[in-house]
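**Student:** Sequence:
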Amino acid sequence: MNALLRAEAVRKSYVRNRSHPPGGQRVDVLKDVDLTVRAGEISALVGPSGAGKTTLLHILGLLTVPDSGRVFVEGTDMTGLGDRALADVRRRRIGFVFQAYNLLPQHSAHRNVLLPHAGPRARGEERARRLLERVGLDGRARHLPGELSGGEQQRVALARALINDPPLVLADEPTGNLDEAAERLLLDLFRELADEGRAVVLVTHNPVVSGAADTVHRLDSGAPAPEGSAA
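Mind the numbering: the sequence shown is residues 1 to 231 in our numbering, read in order.
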């Protein structure tokens, strides 16, 4: 399988308590992380709270710039690209799904799916309709997020992530707020996406979710954990 996403020697740190001690305290969040995500696979990022999973996901998704190291999307080095170029890669090549759904409450499900579309409006309208049908929500297209269950909102969020047909789908604790039935439905949809040749990356604490992945990457204190270590 082709490597759609690759990180090489990625490091990231933050400074906290800038006024005490003088200059603050540096916290190393990621330490020389190497990672490869392949087409046609679900990859899970696991580890204890504070291990750096979400920070790594944001770097892989080009939302955060690493202090050092490189990220490659479909073989292209993202290092040094400007904000506009990175935003274009995110919009066209990467779909994001977040635990909190991040739907706009004043817009219908259909409108929420359509909003990120890059291209002719008529084409986007039709694609949004088909995506809602795919995730089993064609009958809920006109409903506002507040009129939907948590599982339905997350499926709207997934449809929105797919509106530009990205080869990469990144999800941060996508099942964290869902019951068992909604979780299984969402995992089945992620498997369909991988079977279509996309690369899917899931941050999770849930062993059911990581158990559904083809590859599990474990982090511990910002560094790759040895094989066989606990999640």
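What the hints contain is simulated information worked out from the structure, not anything from laboratory work. In this text, a Cβ means the ideal position worked out from N, Cα and C, and glycines have one as well. Accuracy of the hints is not assured; some may be wrong.
Said to hold, decoys possible - Computed cross-link-like contacts, EDC-like style, restricted to lysine to aspartate or glutamate with a CA-CA straight-line distance of at most 16 Å:
(1) K31 / E8
(2) K31 / D88
(3) K31 / E152
To be verified - Derived Cβ-Cβ restraints for the label pairs, each shown as a range:
(4) D77 / G136: 33 to 41 Å
(5) D165 / D138: 16 to 24 Å
(6) N2 / T79: 30 to 38 Å
(7) A87 / S221: 29 to 37 Å
(8) P48 / N177: 15 to 23 Å
**Student:** Are the hints correct? Go through all of them and say.
**Tutor:** Hints, verified against the model:
1. K31 / E8: At roughly 11 Å apart (the allowed maximum being 16 Å), E8 and K31 satisfy the hint.
2. K31 / D88: Between K31 and D88 the Cα gap is close to 28 Å, so the pair fails against 16 Å, i.e. violated.
3. K31 / E152: violated, 37 Å
4. D77 / G136: 33 to 41 Å: Holds, at about 39 Å.
5. D165 / D138: 16 to 24 Å: holds, 19 Å
6. N2 / T79: 30 to 38 Å: Once the Cβ atoms are compared, 20 Å apart, the range 30 to 38 Å for T79 and N2 is violated.
7. A87 / S221: 29 to 37 Å: holds, 31 Å
8. P48 / N177: 15 to 23 Å: Given range 15 to 23 Å: holds, Cβ gap about 20 Å.
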